[in-house]
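Work out the full structure, taking the sequences as your base and the hints as a guide.
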Amino acid sequence: MPDRHSAYQYAHSYSQPEPPVLAKIRQAAVASNPAEAQKMISPLQGAFMRHLVSTQRPKSVLELGSYIGYSTIWLAQGLQAIPGATLCTCESDPAIANVAEENVKLAGLADTVRVVNAPADLLLREWDPSHKVDLVFIDANKSAYKRYYTSILGRDLLSDHGQIIVDNVLFHGKVHTQTTKEGGDAKGIALKMHRFNEFVASDPRTTQVLLPVFDGLLLIQKAK
Numbered sequence: 000m001p002d003r004h005s006a007y008q009y010a011h012s013y014s015q016p017e018p019p020v021l022a023k024i025r026q027a028a029v030a031s032n033p034a035e036a037q038k039m040i041s042p043l044q045g046a047f048m049r050h051l052v053s054t055q056r057p058k059s060v061l062e063l064g065s066y067i068g069y070s071t072i073w074l075a076q077g078l079q080a081i082p083g084a085t086l087c088t089c090e091s092d093p094a095i096a097n098v099a100e101e102n103v104k105l106a107g108l109a110d111t112v113r114v115v116n117a118p119a120d121l122l123l124r125e126w127d128p129s130h131k132v133d134l135v136f137i138d139a140n141k142s143a144y145k146r147y148y149t150s151i152l153g154r155d156l157l158s159d160h161g162q163i164i165v166d167n168v169l170f171h172g173k174v175h176t177q178t179t180k181e182g183g184d185a186k187g188i189a190l191k192m193h194r195f196n197e198f199v200a201s202d203p204r205t206t207q208v209l210l211p212v213f214d215g216l217l218l219i220q221k222a223k
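Numbering that gives the first Met the number 0 puts the sequence shown at residues 0 to 223.
What the hints contain is simulated information worked out from the structure, not anything from laboratory work.
Since the model is a prediction, treat every value here as computed from it, not as a measurement.
Check the hints yourself; a few may be wrong.
[Stated by the list, open to error] Pair ranges (Cβ atoms, derived):
| id | residue 1 | residue 2 | range |
| --- | --- | --- | --- |
| 1 | Gly153 | Ala200 | 17 to 27 Å |
| 2 | Arg204 | Tyr9 | 31 to 41 Å |
| 3 | Tyr9 | Arg154 | 21 to 31 Å |
| 4 | Lys221 | Ser12 | 33 to 43 Å |
| 5 | Ala222 | His50 | 19 to 29 Å |
| 6 | Pro128 | Tyr13 | 33 to 43 Å |
| 7 | Ser31 | Gln8 | 22 to 32 Å |
| 8 | Leu218 | Lys131 | 16 to 26 Å |
| 9 | Ala10 | Arg113 | 26 to 36 Å |
| 10 | Val20 | Asp202 | 37 to 47 Å |
| 11 | Lys145 | Leu210 | 14 to 24 Å |
| 12 | Tyr13 | Gly153 | 34 to 44 Å |
| 13 | Val20 | Gly187 | 28 to 38 Å |
[Unchecked claim] Straight-line C-alpha distance at most 27 Å; calculated BS3-like pairs for lysine-lysine:
| id | residue 1 | residue 2 |
| --- | --- | --- |
| 14 | Lys145 | Lys221 |
| 15 | Lys191 | Lys173 |
| 16 | Lys131 | Lys104 |
| 17 | Lys145 | Lys58 |
| 18 | Lys221 | Lys191 |
| 19 | Lys141 | Lys131 |
| 20 | Lys141 | Lys221 |
| 21 | Lys104 | Lys58 |
| 22 | Lys38 | Lys173 |
| 23 | Lys145 | Lys131 |
| 24 | Lys221 | Lys58 |
| 25 | Lys173 | Lys145 |
| 26 | Lys145 | Lys38 |
| 27 | Lys141 | Lys191 |
| 28 | Lys58 | Lys131 |
| 29 | Lys141 | Lys38 |
| 30 | Lys58 | Lys223 |
| 31 | Lys104 | Lys38 |
| 32 | Lys23 | Lys38 |
| 33 | Lys223 | Lys145 |
| 34 | Lys223 | Lys131 |
| 35 | Lys141 | Lys173 |
| 36 | Lys191 | Lys145 |
| 37 | Lys191 | Lys38 |
| 38 | Lys221 | Lys131 |
| 39 | Lys104 | Lys23 |
No residue lacks a Cβ here, since even glycine has one placed at the ideal position from N, Cα and C.
Following this line, the structure appears as structure tokens:
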């Protein structure tokens with residue numbers, strides 16, 4: 000059987016290296032709280048997200064769920080060649096939001112990134128619909144993914160050619176084993192992710208592709 004860890008290491012070796020400032024932030028987070036540090040995306044996913052941003056060239060990026068700003072910085076680095084591009088991110092915990100803001104400053108991206116100390120639901124409710132978003136990265140409360148998605152579409156926050164990227168939609172490889180039939184595993188985040196994936200797939204307003212990479216990425220666009 001193929002060794003997935005070895006394949007990851009191979010891919011990592013031949014991808015854009017993790018910038019020193021991000022390595023410093025990641026290592027500090029792991030040393031401080033290894034369990035909480037698992038909330039961060041991997042360096043390889045970070046490189047992928049930066050590459051995606053730099054090629055799609057969005058002018059406005061919204062991140063739901065900053066944690067300490069690790070993914071935020073990867074995304075913002077992809078915006079640096081795009082004149083006037085901005086990123087807004089949110090974190091509900093005041094202490095962690097402060098850490099995210101300090102990390103953004105450490106990376107020299109304070110002019111590009113705005114860190115909001117607020118829950119994602121509140122940020123979406125208060126977002127000005129006239130300020131369309133070209134890219135949304137959802138990586139906050141997994142139980143609220145459906146609310147985030149319906150709020151973005153219901154309030155028409157996404158630009159016509161914009162994209163929503165949703166993280167953790169395969170949730171540790173457990174989602175594809177879920178079933179809503181009696182006798183199935185009907186508990187926990189994995190089932191909520193399964194139901195969210197079903198909901199998006201059945202929504203005629205959008206088209207989507209679910210990629211079995213990292214912890215599962217769902218790429219969503221408005222239906223044309």
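Numbers of the earlier hints that this structure fails to satisfy, in rising order: Going through the list in order, the structure violates hint 3 alone and respects the others.
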